[in-house]
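J.: Take the sequences, apply the hints, and build the full model.
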Amino acid sequence: MRPPEHDEELDASGLSCPMPLLKAKLALHQLSPGQVLKVIATDAGSVRDFPAYTQVSDHELLHTFSDDNHFIYWIRRGKDA
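In this text, residue positions in the sequence shown follow our numbering: the first is 1, and each later residue adds one.
Heads up, some of the hints might be wrong.
[Said to hold, decoys possible] The calculated label-pair distances, taken between Cβ atoms and stated as ranges, are:
{"no.": "1", "residue 1": "P33", "residue 2": "D68", "range": "21 to 29 Å"}
{"no.": "2", "residue 1": "P51", "residue 2": "D80", "range": "13 to 21 Å"}
{"no.": "3", "residue 1": "D67", "residue 2": "P33", "range": "27 to 35 Å"}
Hints are computed from structural coordinates only; laboratory data are not their basis. The beta carbon of each residue, even a glycine, is placed where N, CA and C say it ideally should be.
T.: Structure (structure tokens):
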């Protein structure tokens with residue numbers, strides 16, 4: 001599957017939990033509803049954090065990808081930030 005197109009990109013590489021998620025929340029707030037944020041993280045805790053956050057928020061986790069060193073998420077902003 002090809003990754004979704006994105007409107008903004010946040011590189012949270014090198015940041016420890018909870019900073020990747022907190023920075024993503026701030027970045028999503030800056031987007032308009034329906035826009036997509038691509039987040040790049042190196043913190044293994046993000047594998048748990050991003051799906052849990054999108055399940056309880058109005059945002060949608062569109063796609064995830066990981067390799068040996070990076071965890072990448074595409075999140076569509078919901079109507080409520």
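J.: Run every hint past the structure and note whether it holds.
T.: These are the hints, each one checked on the structure:
1. About 34 Å separates the C-beta atoms of P33 and D68, a value inconsistent with the hinted range of 21 to 29 Å.
2. Range check, P51 to D80: Cβ separation about 18 Å, and the 13 to 21 Å hint holds.
3. Taking 27 to 35 Å as the suggested C-beta distance range, the pair D67 and P33 conforms, at roughly 31 Å.
Of the numbered hints listed earlier, the single one contradicted by the structure is hint 1.
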